[in-house]
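Novice: Sequence lines, in order, name chains A and B. Just so we're aligned, residue 5 is where the first sequence starts under our numbering, counting upward by one. Just so we're aligned, residue 7 is where the second sequence starts under our numbering, counting upward by one.
No wet-lab data here; the hints were simulated from the structure. Owing to the predicted nature of the structure, the values given are computational and were not obtained by experimental measurement. For every residue, glycine included, the Cβ atom is placed at its ideal position computed from N, Cα and C.
Some residues of chain B that are not near chain A, with every Cβ distance over 10 Å (derived):
{"#": "1", "residue": "I28"}
{"#": "2", "residue": "I53"}
{"#": "3", "residue": "T72"}
{"#": "4", "residue": "P98"}
{"#": "5", "residue": "I142"}
{"#": "6", "residue": "E144"}
Distance ranges between label pairs, derived from CB positions:
{"#": "7", "chain 1": "A", "residue 1": "K245", "chain 2": "B", "residue 2": "G127", "range": "39 to 45 Å"}
{"#": "8", "chain 1": "B", "residue 1": "K159", "chain 2": "A", "residue 2": "G6", "range": "37 to 43 Å"}
{"#": "9", "chain 1": "A", "residue 1": "P22", "chain 2": "B", "residue 2": "E126", "range": "29 to 35 Å"}
Under the rule of at most 25 Å between Cα atoms (straight-line distance), these lysine to any residue pairs were calculated in the SDA-like manner:
{"#": "10", "chain 1": "B", "residue 1": "K50", "chain 2": "B", "residue 2": "V30"}
{"#": "11", "chain 1": "B", "residue 1": "K152", "chain 2": "B", "residue 2": "D138"}
{"#": "12", "chain 1": "A", "residue 1": "K170", "chain 2": "A", "residue 2": "F244"}
{"#": "13", "chain 1": "B", "residue 1": "K27", "chain 2": "A", "residue 2": "G316"}
{"#": "14", "chain 1": "A", "residue 1": "K338", "chain 2": "B", "residue 2": "K82"}
{"#": "15", "chain 1": "B", "residue 1": "K149", "chain 2": "A", "residue 2": "G42"}
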Amino acid sequence: MGKVIIPIGPQHPALKEPESFSVTLEGEKIVDVNLRLGYNHRGIEKACEERTYIQDIYILERVCGICSHSHSTCFVQTVEEIAGVEIPERAKYIRTIVAELERIHSHLLWLGVAGHEIGFDTLFMYTWRDREIVMMILKKVTGNRVNYGINTIGGVRRDISQELLKEILTSVDALEERTKYYIQVATQETTLMNRLLNVGKLSHEDAVLTGAIGPTGRASGIDSDTRRDDPYAAYDKVTFKVIVDNHNDVYGRTLVRVLELMEAYSIIRQSVQNMTEGPITVKVPRKIPAGEAFGRYEAPRGEDVHYVKSNGTEKPERVKVRAPTLANIKPVLKMLENYNLADLPIIVAAIDPCFSCTDRTLLIKDKKSNKSKIMDWESLRKYSIEWYKKRGIGF
Amino acid sequence: MIKEEEIKQEIIKNFSYLDGKIRVQRVRRIFVDVPYENFDEVFKHLIKNTGFEMLCTITGLDEGATFGLIYHLARKDGIVLNLKINVPKANPIIKTVINYFPGAIMYEREIVDLFGIKVEGLPSGARYPLPDNWPIDEYPLRKDWKPENLNQKMEKK
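Only chain A is shown next, with the shape it has when bound in the complex (with noise of 0.2 Å):
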């Protein structure tokens, strides 16, 4: 039988962002994949040029929805290296914090898209409700579920009281019980098993070759994690062991995000014990002087990394980022090779490529009267399990 080339995307139901492959296949097997990227490109990188330092941050921040903190944090500590500036201790354990919640949402958010991807859709309504309890805390320590503004250069924005403090260790508790189960779905479910164990291939040589980061790495048995090797924010001052796993598959990258979820509650439980009371920003000029930097930053999906070249003024010469996704383009499309074509959105979605969700706050609009106002979560969350309770749906 002939090749056929299947086009697949920039708009499609598989893919939660717009990016198009065209697939050549024989019968059902890929035998190559030809990508092409740039439907999100927004021009980030020129508008900072023409922005100054501060505006920049909420700019990056918006690089991606998922993991926001990172790319703010990866930012701000480049420029704050630029400047010769060190931070207070007390700011760089809440940006610690704040980056292992982040990373915990993503790693949950993921398994969830993981379980949907394979029609395992219990597993993603089961994290997904689990994953409401790290968004809260997040909304509660920064005032939102995404995009979080706790950053600015010099550190912190908001300070985290005692009694959030407390909270947060209760709702790590509270996570950490749920991913002991999910540990156990992972390790012990026969048909989650059968359906990851061998699907997506990337041997070490290739990964190691390929480039591949982050857990897509990590579970190719590559024992590198910029958190450990190249330390940032608190954690030099905090103990935690690296995921590395040899399944080499996607059921691998399961395992390392599962087990990466583990670390992140015993980092954050550290970081609360060794926090003390004290400032959380240093005065920064708004005129950074001349030099360049750059900056690494384990993000969920892998090393994000950000160069600054500054001129003096308070708007920057050259901002450069380059998302983790980027760099595991190259070992998906290793990956795809020889696999059925039903593998390929749990493969794509093993690798965790970025996409961005949530609306926190509703307009509502009265046609009649022309009135509008504006709903909270909570509110229109109370008004949800009302509506449905009326109509005899209650829990």
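Fit chain B to the supplied structure of chain A, relying on the hints for placement.
Specialist: Relative to the frame of chain A, chain B by itself:
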């Protein structure tokens, strides 16, 4: 910063012309300015003999008369070496590094699209990240580029 100094001395020992061109900015951060014509040998040496096995990304810079290109190379122990070359703006051509790092293909395509630097040896394929109908000779990350340029061209069409 013992390791960083060791790397610095090791590079100078092999390439004496790099004496004075290496800056250790802080722990785990080294910046090296390499002459354009010596790029190949230094790059190869760093990967093969000095342990810089990872390429984080390639940054392009518009520096007036020349383009700067920084190859951010990383080692397993977290040391990053930022290798910089300058390419004349009149005829900007660099050689591809995908024979060392296949994953660099996306970084090089990005430089082609956003700076208009030619990359020798880059296989043909879909461009990244600009759209297919983007006008030719418009390179958005060059300093003299303004979004208005684009509007005028688009209107003419």
